[in-house]
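> Going down the list, the protein sequences come from chains A and B. 1 is the number of the first residue of the first sequence in this note's numbering; add one for each residue after it. 1 is the number of the first residue of the second sequence in this note's numbering; add one for each residue after it.
In short, the hints are calculated from the structure, not lab data. For clarity, every value in this text was computed on a predicted model and none was experimentally measured. All C-beta atoms, glycine included, are put in the ideal place defined by N, C-alpha and C. Take the hints with a grain of salt, since some may be wrong.
[What the hints assert, rightly or not] Partial list, computed: chain A residues near chain B (C-beta under 10 Å):
no.	residue
1	L146
2	D150
3	E207
4	G260
5	R263
6	A456
7	T465
8	E468
9	N476
10	L479
11	R585
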Amino acid sequence: MSAPRVDGLPQQHGSPTQQMPLVAPRSAFAHDWTRIARMGSIAAFGQVFIALSNMPVRLDERLIIKPVLSLGYLVLLILPFAAGYRQGHQIRREGVPTYSPGLNEVVGGFLCGALAGAGLSLLTILLTHFDLRDPLVNWSPMLLNLLSFDNSSWFGGVIWLAIGAAMGTAGGLLRLVGPTSRRATITIVLAVTGAAVLESVVVDLAEGLGLEPLTDRLYHRRGGINWNSALGLAGLCGLLAVTGQGRLRQAKSFHAQLQGKQRTQANGGLIILTATLLIVLPLFLGKLTNELLANVGLFVLLALGLNIVVGLAGILDLGYVAFFAVGSYTAAVLTSATSSRITPEIPWLAALIVVVILTGLVGLFIGAPVIRMRGDYLAIVTLGFGEIIRLLFLSDWLSGWFGGAQGFTKIPAAGIFGLTEVDGTDPRRVFYLVLAFCALAIYVSWRLERSRLGRAWMAVREDETVAEAMGINTVNIKLLAFVVGAMLGSLSGAIFAAKVGSVFPSSFQILVSIVILVVVIFGGMGNIVGVIAGAAVLIGVLGGPKQPGLLAEFAEFKLLIYGALLIWMMLAKPEGLIPNVRRTRELHHHEMAQDAWLQGQPPRR
Amino acid sequence: MTTQTTLTEAMPTAILETRNLSVSFGGLHALEELDMQVSQGEIVSVIGPNGAGKTTLFNAITATVDISAGDILFEGQSVRGLDPNKVTTRGIARTFQNVRLFANMSVLENVMVSQHCRTKQHAFGALLYTKAFRREEAEIRQRATEILSFFGTRLIGYRMDQPAFSLSYANRRRLEIARAMATQPKLILLDEPVAGMNPVETAELTGMIRRLRDEWGFAIIVIEHDMGVVREVSDRVVVLDHGVKIAEGSYEQVSKNSQVIEAYLGKGVPEK
Ligand SMILES: Nc1ncnc2c1ncn2[C@@H]1O[C@H](COP(=O)(O)OP(=O)(O)OP(=O)(O)O)[C@@H](O)[C@H]1O
Ligand SMILES: [Mg+2]
C-alpha cells in the first residue's frame with residue numbers, strides 16, 4: 001500500500017488541470033486525533049439517540065435482508081460506517097498536500113467506528129445495571145433485548161464495539177478502492193436497500209404484470225429480501241456497474257451539451273417517455289400503490305405551487321397550507337349536501353372554477369397587506385395567516401358555514417364531464433386526476449418562469465431595491481407570485497376534498513406548510529424536476545403529515561428524519577437534490593468565480 | 001435602435017428641476033434647499049467632496065429616500081411621493097455607486113428584465129404562448145442585444161449568457177449603464193461611472209457618456225470624482241458641499257471658484 005494511488009481519490013468537480021500532485025500516504029498512526037474524537041463521538045451520540053428514541057425496536061419489524069438485517073439494525077450500523085468514511089476525507093486546498101489514501105484511513109476509520117460503537121456498548125451496559133426507566137421514556141425490554149442480542153449485556157457491549165469498529169473500518173476501506181469498485185459498491189448498496197424499500201411497489205407491479213414468480217424468489221413471504229436473492233442482486237448490480245463504466249454520466253453530459261433544436265427534441269422525448277410511464281404503469285398497480293402515488297401527486301401539486309412563491313419569487317411563505325385549506329373547504333361547501341348554507345350543490349368541475357378564483361382572491365387579500373414586508377417578517381406574518389385561516393374554519397362563529405370541528409363529510413365524488421367519478425375508493429382515478437393537474441401546474445411554472453414575469457421574479461429575488469429602481473413594480477409582481485401559488489395549491493385542496501370525502505380543520509395544521517416547504521427545499525428550490533423528486537422521496541418513502549409512505553414503520557419518526565435530512569442537506573448540498581442552476585450560483589458563486597479564476601478561464605454556466 | 005428623440009435643441013427646456021430640495025437623516029442635513037435644473041440633452045456633472053450629498057440627490061430623485069422638503073419636477077410634473085418604479089417608468093434611470101447588478105442572472109437577462117416597465121405581456125400571454133407574447137419576447141431580446149452592442153464586443157457574444165458576477169469590474173459598470181438604458185429613460189443618472197477603472201477604460205467610457213447623449217438622446221447627470229472626466233463630458237457642473245450647492249457653471253468657471261477650491265482642499269483649519 002505504499003505506492004501512491006491516484007484513482008482512489010474522489011473525483012472533484014471542475015477540471016483536474018491544476019490539481020496538486022498526490023503525496024505518499026501518511027503513516028498509519030499520524031492522525032488528527034481531535035478529528036477522530038469528534039467524528040466518533042458524533043456518531044456515538046447519534047447512535048445512542050437513535051436507540052433511545054426507540055427507532056430500532058419499531059424498525060426491527062421491517063426486514064431488509066431476510067434473516068440477517070433489519071431496518072432497525074441498519075439505522076444503527078450506518079452511523080459508524082459514515083463516520084469511518086468521512087474521517088478519511090481530505091480537504092483540498094491550494095498549497096496543502098493531498099495524501100494518497102492508505103493504511104492511515106483504515107486505522108482512522110477503525111478508531112472512529114470503535115468510538116461510535118463504544119457509545120452503544122456503554123448504553124447497553126448502563127441500561128441493564130441501572131434503572132433508567134424514569135428519565136428514558138422509551139426504555140423497553142425489547143430495546144434491551146435488541147441491544148444485547150438476547151444475551152448478556154456484556155456480550156452486547158462487546159459486540160457493539162466490534163460492530164462499530166468493523167463498520168468504521170469498512171468506511172475507511174471505501175477510501176482505498178478505485179473508482180470502479182467504489183461505484184460498484186455504492187450501486188450494490190443502493191440497489192439492495194432500494195429493492196427492500198420499494199418492496200411493496202415492486203411486488204404490486206409484478207402482480208399486475210404477472211411476474212409473481214420473480215418477486216416470490218426475491219422477497220421473503222413475510223417481507224425482506226431473501227439473503228440468497230440479495231447476493232444475486234448484489235452480484236448483478238455490481239456487474240452492471242462495472243460494465244456500465246459511467247455510461248449514465250456520459251449520457252448526462254451528452255444531454256447537457258446538446259444545443260437548440262436537438263436539446264428540445266431530447267427533452268421532448270424524455271417528457272413523453274415519463275408521461276407514458278406515468279400513464280401506463282398505474283394500470284398494473286394495485287390499490288395501495290396507487291393510493292401512495294395519488295398522495296405523492298397531491299404534494300407535488302402543492303410543492304409546485306409553493307415553488308413559484310418561494311423558489312421563483314423568493315418569498316418565504318410559511319402559511320401555504322391556508323390555500324390548500326381554502327381550496328378544500330370551498331370545494332366541500334359547494335359540492336357537499338351537508339353544507340346547509342349554500343344549497344344548490346354544483347358539480348365538482350364547476351366548483352373548481354369557483355375554488356380557483358376564490359382562493360386567488362384570498363391570496364390577494366392575505367398578500368396585499370403583508371407583501372410589502374421583507375424576509376423574516378413576511379415569513380412570520382404568513383405563518384400567522386396560515387393559522388388564522390385554520391382557526392376560522394374551526395371556529396364556532398363560522399360553524400354554520402364550515403361545520404366547525406366536525407368539518408364536512410359526505411363530499412361527493414368529483415365527476416369529470418360525466419365520464420368518470422373520482423373519489424377515494426378508486427385511487428387510480430385520483431392519481432390520473434392529480435397527474436393531469438400536476439401537468440398543468442408544471443406547464444404554468446415552466447411558461448411563467450421563461451417570461452417577462454419570471455425574469456421579474458428572479459430580479460426581485462436577487463435584489464428587491466434594485467428591481468424596484470429598474471422599473472419593476474415589486475409589490476405587484478410579488479403579489480402575482482403569491483396568487484398564482486395560491487391558485488395551484490387550491491387545486492390540490494379541491495382534489496383532496498373529493499378524494500377523502502371529508503374535510504376537517506385538523507387536516508390543515510401548520511405541519512403541512514412546513515412539510516411542503518421541506519419538500520421544496522430538499523428537492524431543489526426553483527427547479528420543477530427537483531421539487532417532484534423531493535416529493536417522491538419525502539412523501540413517497542417517508543410519508544406525508546398524515547399519509548403513510550413506503551417505510552410506514554418510520555411514521556412515528558418522520559419529523560425527526562425530516563429534520564435530520566434537512567440539516568444534512570443544508571450542510572452538504574444547500575441547493576437541493578436537483579438544483580436550479582441559478583440557486584446553485586447564488587449559493588456557490590464565490591467558489592465558482594474562484595475556480596474559474598484559478599483555471600484562467602471564464603466560469604461556465 | 002429605437003428612435004429616441006434626437007436633439008430638439010431650439011429651446012432647451014428643463015427636463016428635471018429640483019426646487020428647494022431638502023433631505024435629512026435625523027439631524028443630518030444631507031441636502032439643503034437645493035435648486036437645480038437639467039435641460040433636455042444636457043450633461044450635468046455633480047461634484048463635491050465625500051459625504052457632500054451627491055448620492056443622496058440621486059436617491060431623492062429616484063424616490064429611494066424620503067424628501068423632507070421641496071419638490072422634484074420631471075418634465076414639468078412632480079415626482080415627489082411616487083414609488084421608485086413609477087419614477088423609472090416616467091423616464092429616469094440610474095446606476096449605483098456600489099455596482100448592484102442582478103449577480104446571478106445572465107448579462108442578457110439583466111438587460112432584458114430592465115425592460116419590464118416598457119413591456120406589457122402578462123400571465124395569459126405567457127401561458128397561452130400567444131403570437132403577441134412571442135413577438136414581444138423577441139423584441140425584448142433584440143433590444144437587449146442592441147443595447148449591449150453599444151459597448152462594442154465587450155458584453156456580447158459568449159458573455160451574454162454568463163452570470164453577471166463573472167464580469168470584470170469595468171464590465172459590471174458597463175452592464176449597469178446598459179441596464180439603465182434598457183428602461184428607455186429620458187434622463188440617466190450615473191453615479192461615479194468610472195470609479196475603479198483604469199485610464200484606458202476611463203477614456204473609453206468618457207466618450208461613451210457623450211455618445212449616450214448624442215446618439216441616444218438622453219439627458220445625463222453624472223456624479224464623478226475624476227476631474228478629467230468631468231471636464232470632458234459636462235455642459236455644466238454643480239458643486240455640492242455638506243448638502244449645499246456652493247457653485248454652478250461651466251467647468252472652467254467652477255474650477256476657479258474659491259469656495260470650490262476651499263471645499264476640496266480645505267482651509268488652514270477646518271471649521272465645524
Ligand atoms: N440612508 C442614510 N441614512 C443616514 N445617513 C445617510 C444615509 N445616506 C446617506 N447618509 C449620509 O448623508 C451624507 C451624504 O451622503 P452621500 O452618500 O449622499 O454622499 P456622497 O456625496 O455621495 O459621497 P461619496 O462621494 O462618498 O459617494 C453622508 O454624511 C452620509 O453619511
Ligand atoms: Mg456617493
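> Determine for every hint whether it applies to the structure shown.
Hint check results:
no. : hint : result
1   : L146 : 50 Å, violated
2   : D150 : 57 Å, violated
3   : E207 : 41 Å, violated
4   : G260 : 13 Å, violated
5   : R263 : 14 Å, violated
6   : A456 : 5 Å, holds
7   : T465 : 7 Å, holds
8   : E468 : 5 Å, holds
9   : N476 : 9 Å, holds
10  : L479 : 12 Å, violated
11  : R585 : 4 Å, holds
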